[in-house]
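Trainee: Protein chains in written order, with the working numbering: chain S, 1 to 134; chain P, 1 to 134; chain Z, 1 to 134.
Since the hints were made in silico from the structure, they are not lab data. Watch out, some of these pointers could steer you wrong.
For chains that are exact copies, the list does not tell them apart, and a pair is met inside one copy or across any two.
[To be verified] Cut-off 20 Å, straight-line C-alpha distance, at most; resulting in silico cross-link-like pairs (DMTMM-like, lysine to aspartate or glutamate): (1) Lys-106 x Glu-16; (2) Lys-3 x Glu-103; (3) Lys-3 x Asp-128; (4) Lys-31 x Asp-104; (5) Lys-31 x Glu-80; (6) Lys-106 x Glu-22; (7) Lys-4 x Asp-104; (8) Lys-4 x Glu-16; (9) Lys-106 x Asp-128.
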Amino acid sequence: MIKKIQVATSGQGLYEITHRVESLLAESKNKEGLCSLFVRHTSCSLIIQENADPSARIDLENWMNRLVPENDALYTHTFEGQDDMPAHIKSVLTATQLSIPFEDGKLLSGTWQGIFLWEHRHAAHCRDIVLHFI
Amino acid sequence: MIKKIQVATSGQGLYEITHRVESLLAESKNKEGLCSLFVRHTSCSLIIQENADPSARIDLENWMNRLVPENDALYTHTFEGQDDMPAHIKSVLTATQLSIPFEDGKLLSGTWQGIFLWEHRHAAHCRDIVLHFI
Amino acid sequence: MIKKIQVATSGQGLYEITHRVESLLAESKNKEGLCSLFVRHTSCSLIIQENADPSARIDLENWMNRLVPENDALYTHTFEGQDDMPAHIKSVLTATQLSIPFEDGKLLSGTWQGIFLWEHRHAAHCRDIVLHFI
Numbered sequence: 001m002i003k004k005i006q007v008a009t010s011g012q013g014l015y016e017i018t019h020r021v022e023s024l025l026a027e028s029k030n031k032e033g034l035c036s037l038f039v040r041h042t043s044c045s046l047i048i049q050e051n052a053d054p055s056a057r058i059d060l061e062n063w064m065n066r067l068v069p070e071n072d073a074l075y076t077h078t079f080e081g082q083d084d085m086p087a088h089i090k091s092v093l094t095a096t097q098l099s100i101p102f103e104d105g106k107l108l109s110g111t112w113q114g115i116f117l118w119e120h121r122h123a124a125h126c127r128d129i130v131l132h133f134i
Numbered sequence: 001m002i003k004k005i006q007v008a009t010s011g012q013g014l015y016e017i018t019h020r021v022e023s024l025l026a027e028s029k030n031k032e033g034l035c036s037l038f039v040r041h042t043s044c045s046l047i048i049q050e051n052a053d054p055s056a057r058i059d060l061e062n063w064m065n066r067l068v069p070e071n072d073a074l075y076t077h078t079f080e081g082q083d084d085m086p087a088h089i090k091s092v093l094t095a096t097q098l099s100i101p102f103e104d105g106k107l108l109s110g111t112w113q114g115i116f117l118w119e120h121r122h123a124a125h126c127r128d129i130v131l132h133f134i
Numbered sequence: 001m002i003k004k005i006q007v008a009t010s011g012q013g014l015y016e017i018t019h020r021v022e023s024l025l026a027e028s029k030n031k032e033g034l035c036s037l038f039v040r041h042t043s044c045s046l047i048i049q050e051n052a053d054p055s056a057r058i059d060l061e062n063w064m065n066r067l068v069p070e071n072d073a074l075y076t077h078t079f080e081g082q083d084d085m086p087a088h089i090k091s092v093l094t095a096t097q098l099s100i101p102f103e104d105g106k107l108l109s110g111t112w113q114g115i116f117l118w119e120h121r122h123a124a125h126c127r128d129i130v131l132h133f134i
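With the hints as extra help, turn the sequences into a complete structure.
Mentor: Shown next, in the form of C-alpha cells:
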C-alpha cells in the first residue's frame, strides 16, 4: 500500500514526521510488516535520530554545516544558490530512504528514535515523501 | 521477484542505471510495490542524485575525493592499492542498498532523481547489482 | 516475519552478525525475498563491509574517529559523555537499516561482504536489532 505525504519546510532544519508515519500506519490497518519511506528530492534527507534532547539535533546540524560549508571554492554547480551543492552532498552522506519494521500495528523503532525530514535548503519548500507498507 | 544486472565500469565515476531499473520493472509487470537494489561490493555505492546537470555530479565526486583522499598516512590496508581503502570508506558513507516505491508500473522517484552506481576504484570492474520487486 | 536479536557490545568496534542473520534466514524457511535489518538505537550503526581483512575495518574506524572526534568544541550535547554526540553523528553518516535480497534460502550479499553492528559508544551496551523477512 502506497501513501503520500508532504512536508512544508521553512529553511534548514530537522522536521519530525514520526507521528504522521504512525498515523498512516494505524489507518492502513496493517499489523506486521515493513514501512518504507522515500523522499523524492536530492536536496533533503530522511534520517532517524534522537528525538529527546533538541541539543543533539542542533549539534548534528552545526557539525554537518561545518563539514559541508557553503561558498566552497570547489563548487562549480552554483547557479541554484550557494546552499544547493552542499544540500546534494548532505543528501548523499545521509539517506533518501528508510525501512522500519512494525508489529502489532506499531513501528519497532526504539524509544529514542524519531523519524525526521532534514531540509538542507534555506528557502521554503514542499517536500514529497512516499510511504510503502507491506 | 529477483533480477540481476551487471554494470561495467571503467574508472571512478557515477554510472546512471535508472533506465535499466525502469526496464526491468516494466518487464516484471508489477504495478505497485517496492523496488530494492543491492550492490554486491564494498568498494562502490548505490546513490540517488540529481540527473539533470552533470556539474552537480562532478562537484560531488571532487568533494568526496577531497574528504577521503588517497595516500592518507592513516591507512594500513593498502596492499590492494591506494584507491582501495578510500573506496571502502566512501561505500560506508553512502549506500549499498536503495528501496524505491513504484505505482502504476513506474518508479515514484522524483523528477530530478537518477539512480547511479558510484564506482570508487580506478581499474575497470564488473559490478553486480541485485534487484528485488515486491 | 519478524525476528529480534540482541548484540552485546563491549566498547567501540565492528561486531559481525552475518552468521546470525544467515541462521535466522535458514530457520525462517523463506526461499526468496528481502531481509531487512533495523537497529533500534541512534548511537550505533548497521553496515556492510569487507569481512576478509581486519585491517580494512581498523582503518575505517580510525578514519571515522578522526572525522568525528570527541572533545569537539562544537558539541553542546555532552551530558551523556564525550562519545555520545560523535556516536549520533556517525549513526547519521552510516546506516540504521539495511535490506538484503535472498534466493534459494541464501543472502545474495557478495563474497566479501559481511554484516556488522558498528558500536560507537565506549561503555558496554546491549543492542536490539529487528529482522524482517518477506
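Trainee: Would you list, in rising numerical order, the hints stated earlier that this structure does not obey?
Mentor: Result: hint 5 breaks, nothing else.
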